[in-house]
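Q: Protein chains in written order, with this note's numbering: chain Y, 1 to 83; chain E, 84 to 166; chain F, 167 to 313; chain G, 314 to 460.
Worth flagging that the hints you see were computed from the coordinates, not collected in a lab. A quick note: this is a predicted structure, and the numbers were derived from the prediction, not measured. Ideal placement from N, C-alpha and C gives every residue a C-beta, glycine not left out. One should not assume that every hint holds.
Per the computed footprint, the stretches of chain F lying under chain E, defined by three or more beta-carbons under 8 Å from a beta-carbon of chain E, are [claimed, not checked]:
#1 177-184
#2 264-273
In the SDA-like style, the derived pairs of lysine to any residue whose C-alpha atoms are separated by at most 25 Å in a straight line are [what the hints assert, rightly or not]:
#3 F:Lys302 x F:Ser292
#4 F:Lys289 x G:His412
#5 F:Lys289 x F:Ala308
#6 F:Lys289 x F:Gly191
#7 F:Lys289 x G:Met397
#8 G:Lys436 x Y:Phe47
#9 G:Lys436 x G:Ala447
#10 G:Lys436 x G:Asp334
#11 G:Lys449 x F:Gly191
#12 F:Lys302 x G:Ala447
#13 F:Lys289 x E:Ala121
#14 F:Lys289 x F:Arg223
#15 F:Lys302 x E:Leu144
#16 G:Lys449 x Y:Pro79
#17 G:Lys436 x G:Ala418
#18 G:Lys436 x G:His412
#19 F:Lys289 x G:Asp334
#20 G:Lys449 x F:His265
#21 G:Lys436 x G:Ala358
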Amino acid sequence: MTLEILYFAWLRERIGLPRETVTTEAATVADLVAELRAREDRYALAFSDLASVRVALDQDLAEFDAPLAGVREVAFFPPMTGG
Amino acid sequence: MTLEILYFAWLRERIGLPRETVTTEAATVADLVAELRAREDRYALAFSDLASVRVALDQDLAEFDAPLAGVREVAFFPPMTGG
Amino acid sequence: MQIRVQETPFDYGAESARFTDGCNGIGAVVTFCGIVRNDGGALQAMEIEHYPGMTERALAQIAEEAARRWTLADCLIIHRFGRMAPGEKIMMVATASAHRADAFAAADFLMDYLKSRAPFWKKEFSGDSAEWVAAKDADEAALGRWG
Amino acid sequence: MQIRVQETPFDYGAESARFTDGCNGIGAVVTFCGIVRNDGGALQAMEIEHYPGMTERALAQIAEEAARRWTLADCLIIHRFGRMAPGEKIMMVATASAHRADAFAAADFLMDYLKSRAPFWKKEFSGDSAEWVAAKDADEAALGRWG
Chain Y
1 MTLEILYFAW LRERIGLPRE TVTTEAATVA DLVAELRARE DRYALAFSDL
51 ASVRVALDQD LAEFDAPLAG VREVAFFPPM TGG
Chain E
84 MTLEILYFAW LRERIGLPRE TVTTEAATVA DLVAELRARE DRYALAFSDL
134 ASVRVALDQD LAEFDAPLAG VREVAFFPPM TGG
Chain F
167 MQIRVQETPF DYGAESARFT DGCNGIGAVV TFCGIVRNDG GALQAMEIEH
217 YPGMTERALA QIAEEAARRW TLADCLIIHR FGRMAPGEKI MMVATASAHR
267 ADAFAAADFL MDYLKSRAPF WKKEFSGDSA EWVAAKDADE AALGRWG
Chain G
314 MQIRVQETPF DYGAESARFT DGCNGIGAVV TFCGIVRNDG GALQAMEIEH
364 YPGMTERALA QIAEEAARRW TLADCLIIHR FGRMAPGEKI MMVATASAHR
414 ADAFAAADFL MDYLKSRAPF WKKEFSGDSA EWVAAKDADE AALGRWG
């Protein structure tokens with residue numbers, strides 16, 4: 001499966017990319033995060049505390065145990081601070 | 084004692100006056116209302132249901148048992164409906 | 167604290183902008199605007215009577231109470247009296263604070279108190295009839311929210 | 314329902330007036346404006362990042378939820394992104410209803426949800442440092458008010 005992965009705010013800065021395309025067999029968001037963490041230190045650092053990471057699947061907020069089947073766009077970002 | 088009495092909204096319309104000067108020995112607002120009621124039918128009608136009459140003494144909201152000593156201006160009006 | 171009681175219309179957009187730009191270092195402004203409704207299409211006009219002198223005094227007391235309860239950089243109350251057509255703006259309040267919770271609570275409080283404690287009375291004209299608007303129990307009950 | 318996400322400034326007074334005059338038969342408009350604070354005088358600029366596409370989608374969902382919960386004639390959300398100086402207006406919401414209670418509750422609700430559920434992130438620049446603003450526990454807790 002091919003996913004478009006987006007990073008925002010300090011996740012984008014730590015990873016050093018705003019977006020990338022990955023091919024993965026990860027079944028859930030948590031599986032994908034485990035794969036990313038294993039890649040390089042900057043990923044491990046960005047995902048070191050999942051309590052301060054939020055995820056959206058195809059632009060809807062989701063949980064880390066959500067399945068990735070059928071998903072095209074995954075976004076990772078810190079808790080929102082708008083308004 | 085000489086008081087300036089003001090009437091607003093339907094109290095003004097029923098009594099037919101926006102204001103009048105009265106000389107009275109009434110000790111409280113309730114005593115003054117009793118005096119006014121005894122005067123003429125239009126006063127009796129205007130003050131027939133005190134639950135829908137509010138009073139202000141020198142431009143501060145007050146209760147019917149408030150004393151009139153030292154007061155110069157008494158206003159009677161219905162519950163407010165601003166905003 | 168800015169209080170204005172006037173017969174003439176006010177420019178809601180301009181007043182909102184002026185109030186907001188006049189406050190320094192704030193983070194939040196909440197504004198309320200009250201408009202003459204035309205419920206069934208029957209209302210031709212609304213007339214507001216008030217008690218000159220006491221009106222300004224009551225509004226100032228209500229604004230001072232809001233400033234005691236919340237941290238406000240400023241607040242504004244404009245209330246018209248006289249005759250107005252449906253769609254005309256009757257009044258506005260605005261509150262400015264560092265944080266939104268204070269600005270929201272203070273504006274809500276100002277409206278609740280102004281409705282039931284400031285000496286304004288509304289009369290509605292429709293067809294041949296003219297009737298004083300009755301105070302709502304809900305408006306009096308709303309004051310209970312503020313302890 | 315009007316949602317705008319833009320980099321350019323907006324005219325708060327003009328938008329408030331346009332929104333209010335565009336609604337027919339309403340009695341109450343509540344407006345909120347969020348402004349870049351300059352707490353100790355040290356803040357030089359604020360930068361807001363957002364998630365194009367999801368932002369508009371999330372704001373529309375929040376506005377639809379408000380319209381389900383309260384009787385609204387209309388609502389407006391304008392939110393900027395990009396770089397802003399202290400004193401600049403970041404965003405506004407406005408709600409219009411027949412009655413003030415609905416307009417107040419809906420505006421308050423929109424702000425609470427927008428703060429914690431719309432994909433915006435603030436970064437503050439002061440002196441040589443640039444720091445992402447941390448989400449406040451109080452903002453997340455505020456959502457609990459709405460059941």
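Q: Could you run down the list of hints and mark each one as holding or not?
A: Against the structure, the hints come out as follows:
With 0 residues bearing a CB less than 8 Å from a CB of chain E, the region 177-184 of chain F misses the requirement of three and the coverage assertion fails. With 0 residues having a beta carbon nearer than 8 Å to a beta carbon of chain E, the region 264-273 of chain F misses the requirement of three or more and the stated coverage is violated. Distance restraint check for lysine 302 (chain F) and serine 292 (chain F): the Cα-Cα separation of roughly 20 Å lies within the 25 Å cut-off, and the hinted pair is therefore satisfied. Restraint check: the Cα-Cα separation between lysine 289 (chain F) and histidine 412 (chain G) comes to about 18 Å, which is no more than 25 Å; the hinted pair holds.
Taking the CA atoms of lysine 289 (chain F) and alanine 308 (chain F), the gap is near 22 Å; set against the 25 Å cutoff, the hint holds. With a C-alpha separation of about 41 Å, the suggested pair lysine 289 (chain F) and glycine 191 (chain F) falls outside the 25 Å cut-off, and the hint is violated. At most 25 Å may separate the alpha-carbon atoms for a hinted pair to count; lysine 289 (chain F) and methionine 397 (chain G) exceed this at roughly 47 Å. Our distance criterion of 25 Å between C-alpha atoms is met by lysine 436 (chain G) and phenylalanine 47 (chain Y), whose separation comes to about 20 Å.
Distance check on the hinted pair: lysine 436 (chain G) and alanine 447 (chain G) sit about 9 Å apart at the alpha-carbon level, within 25 Å; holds. At roughly 35 Å between alpha-carbon atoms, lysine 436 (chain G) and aspartate 334 (chain G) are farther apart than 25 Å, so this suggested pair is violated. Between lysine 449 (chain G) and glycine 191 (chain F) the alpha-carbon distance is near 20 Å, which keeps this suggested pair within the 25 Å criterion. The straight-line distance between the Cα atoms of lysine 302 (chain F) and alanine 447 (chain G) is roughly 44 Å, outside the 25 Å bound, and the hint therefore fails.
As the CA atoms of lysine 289 (chain F) and alanine 121 (chain E) are separated by approximately 29 Å, the hinted pair breaks the 25 Å bound. A threshold of 25 Å between alpha carbons decides the hint, and for lysine 289 (chain F) with arginine 223 (chain F) the separation of about 23 Å falls inside it, so the pair holds. For the hint pairing lysine 302 (chain F) with leucine 144 (chain E), the CA-to-CA distance comes to about 19 Å; that is within 25 Å, so the pair holds. A hinted pair counts as satisfied when its Cα atoms are at most 25 Å apart, and lysine 449 (chain G) with proline 79 (chain Y) qualifies at roughly 9 Å.
At roughly 29 Å between alpha-carbon atoms, lysine 436 (chain G) and alanine 418 (chain G) are farther apart than 25 Å, so this suggested pair is violated. A threshold of 25 Å between alpha carbons decides the hint, and for lysine 436 (chain G) with histidine 412 (chain G) the separation of about 38 Å lies outside it, so the pair is violated. This hinted pair checks out: lysine 289 (chain F) and aspartate 334 (chain G) have alpha carbons roughly 23 Å apart, not beyond 25 Å. Between lysine 449 (chain G) and histidine 265 (chain F), the direct Cα distance comes to roughly 12 Å. Compliance with the 25 Å bound is thereby established for this hinted pair.
A distance of roughly 8 Å separates the Cα atoms of lysine 436 (chain G) and alanine 358 (chain G); the hinted pair therefore holds under the 25 Å criterion.
In this structure, the hints that do not hold are numbers 1, 2, 6, 7, 10, 12, 13, 17, 18, in rising order.
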